[in-house]
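Novice: With the hints in hand, could you dock these two chains into one complex?
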Amino acid sequence: MTTVSKLKQLEASASVKSLGLLLFLTAAAISSPVVAEDGGERWQEIKSSLFGNREIQDGSSTLSLETPYRAMDAAVVPVDISSLVPQTPQQYIENLYLVIDNNPSPVAAVFHFLGKRDWQSLSTRVRVNAYTDVRVVAETSEGKIYMVSNFVKASGGCSAPPTKDPVAAAANLGRMKFKLPEATTDSGRVLAQLLIKHPNNSGLQFDQVSRNYIPADFIRNIEVSYNGELLFSVDSDISISEDPSIRFGFEPEAGGKLEVSVKDSTGRTFAETFGVTGGGNG
Amino acid sequence: MEGKCLKSRLRACCLISILIGVYWHGVSYGSTNVVEVTDGIYVRFGLQQEPTTENQGRIANVGFILGRQRVAVIDTGNSLVEGLDLRAAIRRVTHLPIAYVIFTHMHPDHVLGAAAFVQDDPEFIGHVQLADALTRREPFYLEAARQLLGDDFEGTRVVLPGSPVSGSRKLDLGGRIIELEAHPTAHTNNDLTVYDPASGTLWLSDLLFIGRIPVIDGSILGWLRQMERLSARDIGLVVPGHGPVTHRWMDALAAQRRYLKKVVTGIREVIRNNGSITQAVSQVANGERENWLLFEENHGRNVTTSFVEIEWE
Ligand SMILES: [Zn+2]
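Each protein sequence line maps, in turn, to chains A and L. Counting in the working numbering, the first sequence runs from 1 upward without gaps. Counting in the working numbering, the second sequence runs from 1 upward without gaps.
Derived EDC-like pairs: lysine to aspartate or glutamate, alpha-carbon spacing no greater than 16 Å straight-line:
(1) A:Lys197 to L:Glu309
(2) A:Lys179 to L:Glu313
(3) A:Lys197 to L:Glu311
(4) A:Lys144 to A:Glu94
(5) A:Lys177 to L:Glu309
(6) A:Lys177 to L:Glu313
(7) A:Lys177 to A:Glu272
(8) A:Lys197 to L:Glu313
(9) A:Lys179 to L:Glu269
(10) A:Lys153 to L:Glu297
Now the stretches of chain L that chain A is said to cover, found in silico as 3 or more residues with beta-carbon under 8 Å:
(11) 214–227
(12) 277–284
Read the hints as simulated data drawn from the structure, not as lab findings. Glycine included, every Cβ here is placed at the ideal spot set by N, Cα and C.
So that you can see chain L by itself, here it is in the shape it has in the complex (with noise of 0.2 Å):
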């Protein structure tokens, strides 16, 4: 088990490797350090692991945009001590004002940080249908918080964003000019994309997850969509929600784009044949196994979810 379990991550880490075209050495993962990747944007990496006691829910890549006159933070951790390492870090770098809080989604290891910035006072960003996804998710997101954190999750919160966004808006930085994209319902109901024009790195968080498998918390059918419309797009850099940023991005999306295509394909051909939840899971997409870190602990739960959405078709 053991044996099988390290020879499936080495091979997956060969794979990341064989994917990545920019490759941050020494860069550790889920630390208090914040790197540059390029000029201006600064990404604080996350574990590629589920979140535990020992992590700390430190899986998320988390980070800032900086303008000549202000600073724009792009999501904020999984509990309030996580956003207060990334504050510190953004104050290692600049003592501009720290004007936006961005949230890509709901998810708690994008969101539950956020409290870190309050003292900043900055506009807290969201797509239009976040605040209502994170009201109703709220009190379980914290219960799992607490679990998680023990003694530290002290003055973790959600804070919900007061500036919706529905289809696009521009944030200036001063000298530099973002632009915010709100998406339909793909990874979660809530997906939001960064674009920075001046450098071409578009930041797509949980949209695109390299190495790590992919989880569907919103439309498997809608994710292969954006995904589409994504693979359009002419893109320098790209930093996704989890693993290493890349300028050959095409290639992660391609794999992603392949795993997904064949558990919607898998379950087609199940629902056809009159199979059940049951049998999709056990069948459909098993050869994406070694190709994916995490695959034990969240396979089994895309097929279902997804089971559920294609059937409906």
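Isolated chain A, as found in the complex (with noise of 0.2 Å):
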């Protein structure tokens, strides 16, 4: 079963919208004391829905994961994820999972590779529910699972209202913007970043007036490719920021072009394709 499939049926299970929301269902759980390590009661839950009895080995050297341990914005965390071992198509990480356990919706991301390519380093911004242990998993084309975690102090980024200025958000809604840095390094790889205007609606926010749920609307999905060849893709969450933001290590080419593609909760889909000239902003 493909994990796409594995996070559907997670879904349906739960007869909710949203990727991880079975474990919406246990909510309580985030307001009381949470066991910091690895054995967390919520974390044996996502990790047996997720990797069933699967063995998880210690990742350490093969992937690093920097969060900050106190939050400035629980809404904006930033977790940057680095692979420690060069990723060919031989052996290579096929899908990466971001988990924040205790968040309503644990899995953040799902991000997948196809191994033609070394991404080396991956950022993204998150939101933050309550004190947490932040993972990354990853499972490689060989089978394995390996997992790096660490603890964030942060609270309240679900719940808390996901747009300063709604009518500016609505105006911009699926603009995009990807960046390179005009220097490139020796390996030739730079770290582009791809920036999605979207509020990312958790749904979490009751709304006085209509006495309902403001609906949620996030990104489900991001297909990047390159030169007609798929870079990476992502199922992503509510877990994700407002306006999310991917940073990757890439290789650029001259004459490249880098084709975007997002599907969102609601149906919407934004396409954008940017020139890429191997150094400077496309």
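Specialist: Structure, rendered in structure tokens:
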């Protein structure tokens, strides 16, 4: 079974709209004291729904994860992931799970790679709702699973209001930006950044006027291709911050073309093509 | 740690007393006492602290303007109790009807005492975007207040403004006409200021922080634009949302502008060098640390929230 269909099954079994919301049903656990170690009850639940009984190995020689110990803004918590082993078609990370144990919807994103390009570094920003372990779990092409985790102190990031200026946000919905640094390194690999204007609304805010929850409206899937070949795709969820940002290691070529396509939970699609000239913004 | 903290607090105090032309000695910040800062304008000064269980969130400046026939309340505090204290203070001064309750913006330390005035049946007035902003944040604000106030939370609720202001509006208090102005997104997306031509007083509320570090919850670039506009105005006295009332408000405005500009310039430089939010938080505007109260508690968030705005420039 593919990861996506596994997640779909999760979704169906909980008969709610969001990726990992099976665990939303046990939301009471969010406010109770949480065990910080890997044996936490909530993690056991997430782990068995994603990976069943498969063995999860310590990933500290495969991956590194950087997060702030205390978040400055619970709605925008930077997460930096590095792969410590070269990604080759023979041996690569196929699926990379970003899990925030104590969020209402703990599976923030699942990145999928084809192993054709070495990304080396991957960053995004997440919402954190309560003091929690943040985990990165890598499923390799050989079927092994590795994990690293950090503890993060933050609270309220998911239920916090999604946007400071709704009028401006609505006007810019779906706008994208692709940034490449001007100078390339010796290896030719640079850190590129993709930004997408989207409220990534969690659906957890109650509207006092309509007496209903403001409907969730978030990016479900992003595909990034380069010269017709998929670089990576992401299944994402409400734990990803407003105006999602993905930074990734990337080797631009002269005259390259980067294509991005985005689908959100309400059925909207956004697509954009960026000319990449091997250094300098497209 | 303690010592360093005290030192920076003392420095900030010095800074405040240098800045302040008018300084009320013996004013007890966060108490139930109001001070008549100029003819007919009364302020209950908030504590220069983060909201805590001890201070019950009495951290914002709230008050009222007295006309010959009516009273306009400006902001209501963080709880029903704080609102009732303000109402009692008004009643010690006057028995004229409380005709208007004006919200300067959505933040809980300014709006959550409004229920205290429902008995007066006033017009509740706010920026055209205030009702929507408050509706979105209501559960979040109330939960925070519940945790802060414990048993004293009882009766605290959001009162949505029935009268939206877009552009400007005048209110007649009897022999005194005050002017409301709704601003484009700055401190928040619903900032409203109150000008009293009779005394030349501008109630800027949180468009100006004095002593305490500004909190950005709207748009840092928008706020700088509003400050640019404000600096051209000929104003006698300014009531900030936090900190003392001052005639030398241009100095206070300059200090706030300097901080916000350093944040913007610093972030632009980090972005130009392909840097991250984490780098910006550790690098940007650290030289301002000694100039503000509550810097540690708020600066990192200011940088984070400004970064995600500025990277879209
Ligand atoms: Zn405020």
